[in-house]
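2 protein chains.
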Amino acid sequence: MTTLAALTTPCLLLEDEKLQANMDRLARRLHERGVSLRPHLKTCKNREIARRCMESPTGPATVSTLAEAEYFAAGGVRDICYAVGIAPNKLERVAGLRRRGIDLSVVLDNEESARLLVDFARQRDCRLAVLLEIDCDGHRAGLRPDDPRLTAIAALLRDGGQEVRGVLTHAGSAYDLPGTEAITALAAQECAAATTAARLLREAGFPCPVVSVGSTPTAFFGEDFSGITEVRAGVYVFQDLVMAGLGVCRPEDLALSVLTTVIGRQGDGRALIVDAGWMALSRDTGLPWKRDAFGYGLVCDEAGQLIPGLRVTETNQEHGIVSGPSCPALPAGTRLRILPVHACATAACFDSYILLQDGRISGRLERCRGW
Amino acid sequence: MTTLAALTTPCLLLEDEKLQANMDRLARRLHERGVSLRPHLKTCKNREIARRCMESPTGPATVSTLAEAEYFAAGGVRDICYAVGIAPNKLERVAGLRRRGIDLSVVLDNEESARLLVDFARQRDCRLAVLLEIDCDGHRAGLRPDDPRLTAIAALLRDGGQEVRGVLTHAGSAYDLPGTEAITALAAQECAAATTAARLLREAGFPCPVVSVGSTPTAFFGEDFSGITEVRAGVYVFQDLVMAGLGVCRPEDLALSVLTTVIGRQGDGRALIVDAGWMALSRDTGLPWKRDAFGYGLVCDEAGQLIPGLRVTETNQEHGIVSGPSCPALPAGTRLRILPVHACATAACFDSYILLQDGRISGRLERCRGW
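Chains X and B, in that order, give the protein sequences. Sequential numbering from 65 applies to the first sequence in the numbering used here. Sequential numbering from 65 applies to the second sequence in the numbering used here.
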């Protein structure tokens, strides 16, 4: 099986050359600025891709679920940050991974979670590694860098025998910002929040060896990473229309696409019906100001060339509606590719990637699932 | 393991009593009106649930993917309608199922698809069963009931040695209609479209034994199914907030929920952060006019009691933001349940259901995946 014609639709295509170029671009940029990359593997959820974007086969890496941590650990990754606030029901699995020699760190931003962690560690006689989450932009989680609770939580953890490894922040509001200047400013703000929190913790006697920041937009537009020990980014390996909308990449840089088949046309000929609905594309419509331009994805021909103006304008479970200013009357059976709005969400619809090299199928890559 | 306390979050809970009541309610309603039910298994994607909602262990059933058709066929279902316009790359698998004795019918609405099917069947020397898709409301696919292309396509199929089994329509615009009277009128329109198309086909010499309609709203609000041989409906087994918003059910009828854990609070206390993001809830926000009221889901305590006013107002990949007019300062570690906006989409995030009987865990039910 070497050509696309043999594939049943919908399926998820991954172009190796674009993947490699995307990985190289960020790695080079951060290397030039002297800061380490801890890729967020929640986007790819695959060991081979992880191996190609991590600085070494053992890491460092970031994950969003313990299922990912366990999957990547089984593949040889040893240095993993689980970057979602830890819930007490997950501590047993965290301790299990650490017992097997995995340096898995967890994240929290409140005293209750710290107490639950200390209580657990005391009962199990184990020592966990904790990053304190900092809020740099009011986007989601974390404490403001000057919040006095930070040192109080750090003391609670240290006095409970736990390792306070440092601070972590994520400029999630980068996804709401049109304009590269605004993202460059946000990247500076992200770094300032992390370094300020680290300085205050150090002044209070906590060494704080890790100062972690990151999002794909701020990783690409940040200019000065002084005082930062690592940058996290995930979607950059594939890129997507959200990133294109923010100016991080061009639509032609997108490494992922969904192969689909035309199954009919709407009666008046104004739209095509394809066999990729929200089960294959996700319901994610990305940037609100690009909603009309991108829909649920831009449309390419089978070879991957964009068809100007065409987009997926509606999705049902297994039906997608493709339309545009002048919708060509493509016959049923025609195959198209859809570029994803949000690569993390689209990839999550599938259990594997069809890897393409030079436009030909070179293999299949699995995806880790669940929690 | 019998209590919820042992579960890691997020996970998908299914309350058996509510599931049964939902199934019984539609089965009773259609039985009283003398019309057969062909449940759409795209919502549950599970054999045990299928067995409980089908009229017999062998069907009839509706599916949205060939993966479902193969999965249910392996579990003993013999009468299956694949209700998404057939793409040529799927015909080989359709023929394979039919060779194994599965009465799998396919759907199409255009001459090109009919020609591709006839060409395939001629090459493989097989006879497929085809339903012609009718457009009853301008929502998605199908030909208008009086479109002369209908008889032309039927003739093309018959002359090509294929079985023209009948007509199928779906009043998908029911999901856009507030008000039960409007849905009752749409149900009548759905039936009229199907019976008109069947009459015109019969007048042209095609017996048209199957006249298939359905959607959960029109199945619940339709009054007269004269001339209809079967009703398709899927989400009714679980119900969801879209259905509650349409008046089909009440929020307390919802059989599915996502168990989640509070992992922090936003700094100013206006919101909780939980470990169920769009990976667990989906990005589906359902009815536009209920977007603010339902968000990405309503929030219950761990026992399933609604907490008034609370809802998931934002989702990231693994984070949900819960807020409301007066958001309680629940401590990290508190467990909550989220009622799904769109049950098909939320269930698709998980590989299995945790079945609850009387609030205690009684088993785990798998879900079929992929295409």
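Take these hints with a grain of salt, some might be off.
Unchecked claim - Cβ-Cβ distance ranges computed for the label pairs, FRET-style:
#1 ARG213/B to LEU370/X: 49 to 59 Å
#2 SER390/B to ALA393/X: 48 to 58 Å
#3 ARG334/B to PRO352/X: 18 to 28 Å
#4 ASP415/B to GLU366/X: 26 to 36 Å
Stated by the list, open to error - Computed footprint of chain B on chain X; a stretch qualifies when at least three of its residues, placed anywhere within it, have a C-beta under 8 Å from a C-beta of chain B:
#5 145-153
#6 327-335
Calculated directly from the structure, the hints in this document are not laboratory data. Glycine is no exception: its CB is placed at the ideal position from the N, C-alpha and C atoms.
Taking the hints in turn, this is what the structure says about them:
About 32 Å separates the C-beta atoms of ARG213/B and LEU370/X, a value inconsistent with the hinted range of 49 to 59 Å. Against the hinted window of 48 to 58 Å, the Cβ-Cβ separation of SER390/B and ALA393/X comes to about 55 Å, which satisfies the hint. Restraint check, ARG334/B to PRO352/X: a C-beta distance of roughly 22 Å satisfies the suggested window 18 to 28 Å. Against the hinted window of 26 to 36 Å, the Cβ-Cβ separation of ASP415/B and GLU366/X comes to about 31 Å, which satisfies the hint.
Coverage of the stretch 145-153 of chain X by chain B holds in this model, with 6 residues showing a Cβ closer than 8 Å to a Cβ of that chain against a need of three. Check on the stretch 327-335 of chain X: 5 of its residues sit with their Cβ under 8 Å from a Cβ of chain B, so the three-residue criterion for coverage holds.
This entry does not satisfy hint 1, going by the numbered hints stated previously; all others are met.
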